[in-house]
Amino acid sequence: MPDAARIAPAVRRFREGLALLAALPPWRKACLAAGSTLLVLAAALFARRAAVSEAVGEVRVVRGPLRITVAVSGLLAPARAESYGPEIAGVELKVAELAPEGSRVKPGDLLVRFDDAPFRRELEAARSRLVQTSGEAEQARQALRALLATQRSERLEAEAALARAELDLKTFVNGVAPLQVQQSAAAVERARRETEESQQKLDGLAPFAEKGYVSRDELRAAERRATEARADLVLAEQQHATLTRFTHPQLLAQKAQELESRKSAVRVVSEKTSAQAAQAKAAADLAAARADEASRAVADVERRVALCRVTARSPGLVVHREIFEKGGEKRRVRVGDAVFAGQPVLDLPDLSDMLVETRVKEGEIHRVEPGQKAEVRLEAFPDETFAASVLRLGALTAGDRGEVRTFPLVLRLAKADPRLRPGMTAQALVLAGEVKDAVQVPVDAVRYEGDQAVCTVRTVTGTETRRVKTGRSNAFFVEVREGLAEGDVVLISGR
Numbered sequence: 005m006p007d008a009a010r011i012a013p014a015v016r017r018f019r020e021g022l023a024l025l026a027a028l029p030p031w032r033k034a035c036l037a038a039g040s041t042l043l044v045l046a047a048a049l050f051a052r053r054a055a056v057s058e059a060v061g062e063v064r065v066v067r068g069p070l071r072i073t074v075a076v077s078g079l080l081a082p083a084r085a086e087s088y089g090p091e092i093a094g095v096e097l098k099v100a101e102l103a104p105e106g107s108r109v110k111p112g113d114l115l116v117r118f119d120d121a122p123f124r125r126e127l128e129a130a131r132s133r134l135v136q137t138s139g140e141a142e143q144a145r146q147a148l149r150a151l152l153a154t155q156r157s158e159r160l161e162a163e164a165a166l167a168r169a170e171l172d173l174k175t176f177v178n179g180v181a182p183l184q185v186q187q188s189a190a191a192v193e194r195a196r197r198e199t200e201e202s203q204q205k206l207d208g209l210a211p212f213a214e215k216g217y218v219s220r221d222e223l224r225a226a227e228r229r230a231t232e233a234r235a236d237l238v239l240a241e242q243q244h245a246t247l248t249r250f251t252h253p254q255l256l257a258q259k260a261q262e263l264e265s266r267k268s269a270v271r272v273v274s275e276k277t278s279a280q281a282a283q284a285k286a287a288a289d290l291a292a293a294r295a296d297e298a299s300r301a302v303a304d305v306e307r308r309v310a311l312c313r314v315t316a317r318s319p320g321l322v323v324h325r326e327i328f329e330k331g332g333e334k335r336r337v338r339v340g341d342a343v344f345a346g347q348p349v350l351d352l353p354d355l356s357d358m359l360v361e362t363r364v365k366e367g368e369i370h371r372v373e374p375g376q377k378a379e380v381r382l383e384a385f386p387d388e389t390f391a392a393s394v395l396r397l398g399a400l401t402a403g404d405r406g407e408v409r410t411f412p413l414v415l416r417l418a419k420a421d422p423r424l425r426p427g428m429t430a431q432a433l434v435l436a437g438e439v440k441d442a443v444q445v446p447v448d449a450v451r452y453e454g455d456q457a458v459c460t461v462r463t464v465t466g467t468e469t470r471r472v473k474t475g476r477s478n479a480f481f482v483e484v485r486e487g488l489a490e491g492d493v494v495l496i497s498g499r
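Using the numbering used here, you'd call the opening residue of the sequence shown number 5 and step up by one each time.
Simulated from the structure, these hints should not be mistaken for laboratory data.
Built from N, CA and C at the ideal position, the CB exists for glycine as well.
Any given hint could be a false lead.
[As the list claims (entries may be wrong)] List time: in silico PhoX-like cross-link candidates among lysine-lysine, alpha-carbon distance up to 25 angstroms: (1) K419 to K440; (2) K174 to K267; (3) K377 to K440; (4) K98 to K330; (5) K365 to K110; (6) K98 to K174; (7) K365 to K377; (8) K473 to K365; (9) K215 to K205.
[Stated by the list, open to error] Ranges between beta-carbon positions, derived for each pair: (10) A279 to A100: 52 to 58 angstroms; (11) R485 to E333: 56 to 62 angstroms; (12) E486 to G61: 43 to 49 angstroms; (13) R67 to T467: 43 to 49 angstroms.
Please model the complete structure; the sequences and the hints are all you need to start from.
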C-alpha cells in the first residue's frame with residue numbers, strides 16, 4: 005500500500021482534532037496551549053505508526069471479496085484400478101514375461117505370463133487318462149447295450165411261452181375238453197342204441213329160429229352183434245368215465261402247472277435281467293464317471309494353462325507392485341520372481357478418471373459437501389491449476405486422543421490429463437462459498453475470551469481490546485461483521 009494511503013486516515017484524524025481545538029473557549033485554549041507540543045508529537049507518532057502498520061505482528065483491516073475455501077492435501081489416485089496376479093491356488097508360479105512398467109495397454113494385451121511347463125506335463129498325463137477312461141466307458145456302454153438286447157430277447161421268449169401256455173389252457177378249458185366230453189357222451193349214446201337195437205333184433209329172431217324160419221347162422225350172427233354192442237357200450241362208458249374223471253382233470257392240472265411254470269419263468273427272467281442290467285449299468289456309470297472326472301481334470305489343467313497368460317480387461321497404465329526380498333527389503337517385481345495366488349503382481353489404473361484422496365479436519369467438515377468445486381495444484385506441475393469437484397465425504401474419522409480428528413475426502417478431477425500419475429502430491433482448495441463484500445482480517449488476528457471474539461486494535465495512544473462479531477472464514481481470513489472498520493490496524497494474535 006502506498007505511504008499516502010497509509011497516512012491518510014491519520015491525517016484525517018489530526019485535522020478533526022484541530023477543528024475541535026478551534027471550537028473551544030479562550031480559557032480552555034490557554035489551558036491547552038501548554039500541551040500543544042504534546043499534541044503535535046502525538047499526531048506525528050500516530051502518522052508514523054500508520055505508515056508502518058504492515059510490519060510484522062500488525063495488519064490492516066481490508067474490505068473485499070472473501071472466498072470460503074478449505075485447504076487440503078493428498079495424493080492422486082485412479083477412480084478405477086484393477087490388480088492382476090496369479091489366480092491358480094496352491095502352487096508357486098514363476099514370472100516368465102512382464103509388461104514394461106509405465107506402458108499403456110488396451111483390453112486383451114498381455115500383462116503377465118507365468119511359466120506353464122509344469123501344467124503342460126500335467127495336461128499331457130490328464131489327456132492320456134481321458135483317452136483311457138473314455139475307451140473304458142464306451143466298452144461298458146456297448147456291453148450294457150448288448151446285455152439289454154439279449155435280455156430283451158429272453159424276456160420276449162419267456163413272455164411268448166407264457167402266452168402259449170395261457171392260450172393252451174384257455175383252449176383246453178373252453179374248447180377241447182368240452183368237445184371231447186360231448187364226443188365221448190355221444191359215443192356212449194350210440195353204443196347204447198346199438199346195444200338196444202341188436203338186442204331187440206336178437207329177441208325178434210328167436211321165435212322165428214324156433215319155427216325154422218331163421219337159420220342158426222343168422223341167429224348166431226345176431227347174438228354176436230348184440231354181444232359186441234354190449235361190449236362197445238361198456239367200453240364207451242368206461243372211456244367216458246375215464247375221460248371225465250381222470251384224463252381231463254390231469255390234463256387241466258398239467259396245463260395249469262405249465263402256465264404257472266411259465267409265469268415263474270417270466271418272473272425269474274425279469275429278476276435276473278434286472279439284476280444283470282443294474283450291474284452292467286453301474287459298471288457303465290462308473291466308467292462314465294471316471295471319464296467325466298478325467299475330462300474335468302483336463303479342463304482344469306487347460307484352465308490353469310490359460311490362467312498363466314494374464315491379459316488386460318480394460319485400458320490403463322502398467323504399474324508394477326513391490327515385493328519383499330528375503331532380507332526384508334522391498335523392490336519392484338521382475339521376471340523370474342515366484343509368486344502365489346492372491347499376491348498382486350501389477351496394477352492397471354485407469355488414468356481417464358483421476359481422484360485426489362485426502363482428509364479434512366473435523367472443524368471444517370461442515371463447509372464441505374459433494375458437488376462443490378475445487379482447485380488442485382500438483383507438486384509435479386506447480387504452475388498449473390486443475391479443476392476438480394468434491395466426489396464424496398467419508399463417514400469414518402481418524403485420529404487418536406489429543407490429535408486433530410479428520411474425515412476422508414475424495415475429489416474428482418474435471419478432465420483427464422495424460423501427464424498425471426497415481427501417487428502425485430496434490431494441494432487443493434475446496435470452494436465452499438464466497439462473501440462478495442466482506443470486512444476481513446487474518447484468522448490469527450482474532451482470539452477468544454470465553455465465548456467472545458476480540459481483536460487487539462492499534463490506536464493513536466496505544467492499543468485496545470475490541471469485541472468483534474465474526475462471520476464466515478476460510479483457512480486464512482475471517483469476516484468481521486461488527487467491531488472493526490476498513491483501515492483499522494489490528495495485531496496478530498499472540499503479539
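Evaluation of the provided hints:
no.	hint	result
1	K419 to K440	violated, 29 angstroms
2	K174 to K267	holds, 15 angstroms
3	K377 to K440	holds, 17 angstroms
4	K98 to K330	holds, 16 angstroms
5	K365 to K110	violated, 40 angstroms
6	K98 to K174	violated, 85 angstroms
7	K365 to K377	holds, 18 angstroms
8	K473 to K365	holds, 24 angstroms
9	K215 to K205	holds, 16 angstroms
10	A279 to A100: 52 to 58 angstroms	holds, 57 angstroms
11	R485 to E333: 56 to 62 angstroms	holds, 59 angstroms
12	E486 to G61: 43 to 49 angstroms	violated, 24 angstroms
13	R67 to T467: 43 to 49 angstroms	violated, 22 angstroms
Hint compliance for this structure: hints 1, 5, 6, 12 and 13 are broken, all remaining hints hold.
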